[in-house]
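Could you build the full structure based on these sequences and the hints that come with them?
Residue 187 in our numbering sits at position 187 of the sequence shown, with consecutive numbering throughout.
If you're looking for bench data, these hints aren't it; they were derived computationally from the structure.
The structure displayed is predicted, hence computed values, not measured ones.
One or more of the hints may lead you astray.
When the alpha-carbon atoms are kept at most 27 Å apart in a straight line, the in silico DSS-like pairs for lysine-lysine are as follows [stated by the list, open to error]:
#1 232 with 130
#2 130 with 89
#3 115 with 65
Using C-beta positions, here's what the derived DEER-type ranges look like [claimed, not checked]:
#4 208 with 1: 36 to 42 Å
#5 109 with 14: 32 to 38 Å
#6 116 with 137: 25 to 31 Å
#7 199 with 51: 31 to 37 Å
#8 47 with 152: 25 to 31 Å
#9 46 with 2: 36 to 42 Å
#10 159 with 48: 18 to 24 Å
#11 156 with 112: 31 to 37 Å
#12 115 with 212: 33 to 39 Å
By construction, the Cβ of each residue, glycine as well, lies at the ideal position given by its N, Cα and C atoms.
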Amino acid sequence: MKLGILQCDSVLEKFQPQFGNYPEMFIQLFHTIDPTIRFAIYNVTRGEYPRTPHTCDAYVTTGSKASVYDDLPWLTEFKHFLRLLYAEKIKLLGVCFGHQLIAEVFGGKTENSPKGWGVGVSVSQIVAPKTWMQAPLDRLQIIVSHQDQVTRLPENAQLLASNDFCPYAMYQLGETIISLQGHPEFSKAYAEALINFRELKIGRETCQAGLRSLELDTHEHLFTQWVINFFKQ
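Now the structure itself:
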């Protein structure tokens, strides 16, 4: 299987020597589960796209410091590509910014949340178990880092996981898209560094709660197995 990574941002340069860039994080994560997966990286902020949507078997969007409602030239082309993937029935995983953008593109809504920042480990209830969720979980625990969130799903989307802070934490769109607010690619060490770096922006109390939550177990490897199952079905 060949996966295309749709890179929507870069890790801050000061963190790259220790943690790598977003594509490397995803490659390491997927290779932990299936080392035979091949990858192609497309930096969509620079207008990089595959020759055709069928160049890869499936795609993954990264997070981004951008907001889906920002007036950025590259976003117009990226939205078009997401619509093309859906029309061509090519599998796609949306992560954080990608999760929010997919909702917007297909008729949902993403907004800056009055609840503020979500950081640390988020615990979501699985509300619609799927056959590709093997092994199954009642609750999905994944690292998050976001201020925007989806506030309305597209009409043909099904909610898969939810929590009080972020009701639309995970959803499926049609038969080809799954989307997650969290960051399965983040290590706890990177999440900790990012929380500390953003303390003035996020607020000390929220940061401290987020750092404490990093003591919880996380399910990024099991979630990645779910994604691979979904891509292959």
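How the hints compare with the structure:
1. Proximity of residue 232 to residue 130 is assessed by CA-CA distance (about 14 Å); at most 27 Å being required, the pair is judged to hold.
2. A distance of roughly 19 Å separates the Cα atoms of residue 130 and residue 89; the hinted pair therefore holds under the 27 Å criterion.
3. Annotation: proposed proximity of residue 115 to residue 65 holds, straight-line Cα distance about 18 Å (limit 27 Å).
4. For the pair residue 208 and residue 1, the supplied restraint of 36 to 42 Å holds, since their beta-carbon distance comes to about 41 Å.
5. The hinted window of 32 to 38 Å between residue 109 and residue 14 holds, with their beta carbons roughly 34 Å apart.
6. Distance hint check for residue 116 and residue 137: the Cβ-Cβ separation is about 27 Å, which falls inside the suggested range of 25 to 31 Å.
7. A hinted range of 31 to 37 Å is violated for the C-beta pair residue 199 and residue 51, which are about 43 Å apart.
8. Between residue 47 and residue 152 the beta carbons are some 30 Å apart, a value that agrees with the proposed interval 25 to 31 Å.
9. A beta carbon spacing of about 21 Å between residue 46 and residue 2 contradicts the range 36 to 42 Å that was offered as a hint.
10. Remark: the range hint 18 to 24 Å for residue 159 to residue 48 is contradicted by a beta-carbon distance near 32 Å.
11. Taken as a hint, the range 31 to 37 Å is violated for the pair residue 156 and residue 112, whose Cβ atoms sit roughly 25 Å apart.
12. A hinted range of 33 to 39 Å is violated for the C-beta pair residue 115 and residue 212, which are about 18 Å apart.
Of the numbered hints given earlier, the model fails hints 7, 9, 10, 11, 12; all others are met.
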